[in-house]
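Quick note: the sequence shown uses numbering that gives the first Met the number 0, first residue 0, plus one each step.
Bear in mind the hints are in silico, worked out from the structure with no lab data behind them. A few of these clues could be false.
[What the hints assert, rightly or not] Restricting the straight-line Cα-Cα distance to at most 20 Å, the calculated cross-link-like pairs of lysine to aspartate or glutamate (EDC-like) are:
{"hint": "1", "residue 1": "K126", "residue 2": "D215"}
{"hint": "2", "residue 1": "K283", "residue 2": "D67"}
{"hint": "3", "residue 1": "K283", "residue 2": "E296"}
{"hint": "4", "residue 1": "K27", "residue 2": "D67"}
{"hint": "5", "residue 1": "K27", "residue 2": "E49"}
{"hint": "6", "residue 1": "K164", "residue 2": "D215"}
{"hint": "7", "residue 1": "K340", "residue 2": "E306"}
{"hint": "8", "residue 1": "K126", "residue 2": "E136"}
[Unchecked claim] Simulated restraints on C-beta separations:
{"hint": "9", "residue 1": "L339", "residue 2": "E179", "range": "33 to 41 Å"}
{"hint": "10", "residue 1": "M226", "residue 2": "F20", "range": "29 to 37 Å"}
{"hint": "11", "residue 1": "Q78", "residue 2": "K283", "range": "20 to 28 Å"}
{"hint": "12", "residue 1": "E28", "residue 2": "T299", "range": "26 to 34 Å"}
{"hint": "13", "residue 1": "A19", "residue 2": "K164", "range": "21 to 29 Å"}
{"hint": "14", "residue 1": "D166", "residue 2": "F20", "range": "25 to 33 Å"}
{"hint": "15", "residue 1": "K126", "residue 2": "D166", "range": "13 to 21 Å"}
By construction, the Cβ of each residue, glycine as well, lies at the ideal position given by its N, Cα and C atoms.
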Amino acid sequence: MASSVYIHIPFCATKCYYCAFNTYTFHKEQAKVYLQALRTEMALYASETEPLQTIFIGGGTPSILSADTLTQLFTHIHQHFRITSDAEITVECNPGTVDTEKLSVMQDNGVNRLSFGLQAMQDEILKQLGRIHTVDEFLQSYRLARDAGFENINIDLIFALPEQKMDVWQQTLNEVIVLEPDHISAYNLVMEETTPFYESWQAGELHLPTEDTEADMFQYTIETLTMHGYEHYEICNFAKPNRHARHNLVYWDNQSCIGLGAGAWGYVNGVRYSNIRGIAPYIKKLSDRNRPIADTERLTGHAEKAETLMLALRKREGISLEAYQDRFGEEIEVEFRSLLKKWMDLGLLERTATHLRLTARGLFLANEVFIELM
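Can you build the whole structure from these sequences, using the hints too?
Here is the structure:
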């Protein structure tokens, strides 16, 4: 049984040049049919959920939907799922796609957390990324959300962008801090093979900062945000006290979550599954009231233990030794003794009284650790 649900809205006005997510150009009529398919999928999973403690509506751009369509989406959610009174309900929003009516619909339906995809505070960089909003449009959307009463807002940022200098990243970070968001996600750019950015990079047309500059940007991010009262609780995530992203913690703790929508991933009863990616085949599968699953993998034994360790090490507190033993009936050294010793000898991992966690140095080399676990 799961107490968390992710709902994928795969529509965007345009696709950003770095984005490898399962997204498609928004068409109003297609979105209506898609929502009916989502409603059917919700019904197919309703019996497998406990009262929901977290709901994350991501994309894509969920906020591209009209107020009426958003109302329908929330009506379907409330029809099929029980929701706890203190549930965290998040909606991803792109600047320029929210207005007072949409924000009111979200609030009326229990949404208490918004996540804005800003990425940078320079219009020229936003244009280079393929973003269609400006800095002013972001500021207007952010103020609208604050004025509407939203008290838990995340801002997504990306660093180590093509040609980006340290002072430009510092400007972005410091201008965002002034806004006092409750949560900041700061990711380094990753070149995904299916993106226009990757093709340009391979062709020698994009020039990325050096690894040393990228590391300096990350170090500056950690030092600056912690100095301003943000808790560095996951490799790329920083939060004011009591504002950790509860839904994301479900992933990092390798707990069950139902994934709904085209291309969504879920993890239920030890089985990880992914849905059909295409919108048309997703809708067709659900027209016959069949779950639109494309692939499944049952995680057992070493695979489940390794994934649990890898995900938990993303958290700054690391993996709870007690929680691991409760889950698998053995101490963590039984499965990973040699690897743990290696990482500790290299200064990448350390042990506290209750946890195993990455060291400050290990944060910068986390992918080296994760690759070995995979």
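Taking the earlier hints as the rules, which of them does this structure contradict? Structure breaks hints 1, 2, 3, 5, 12.
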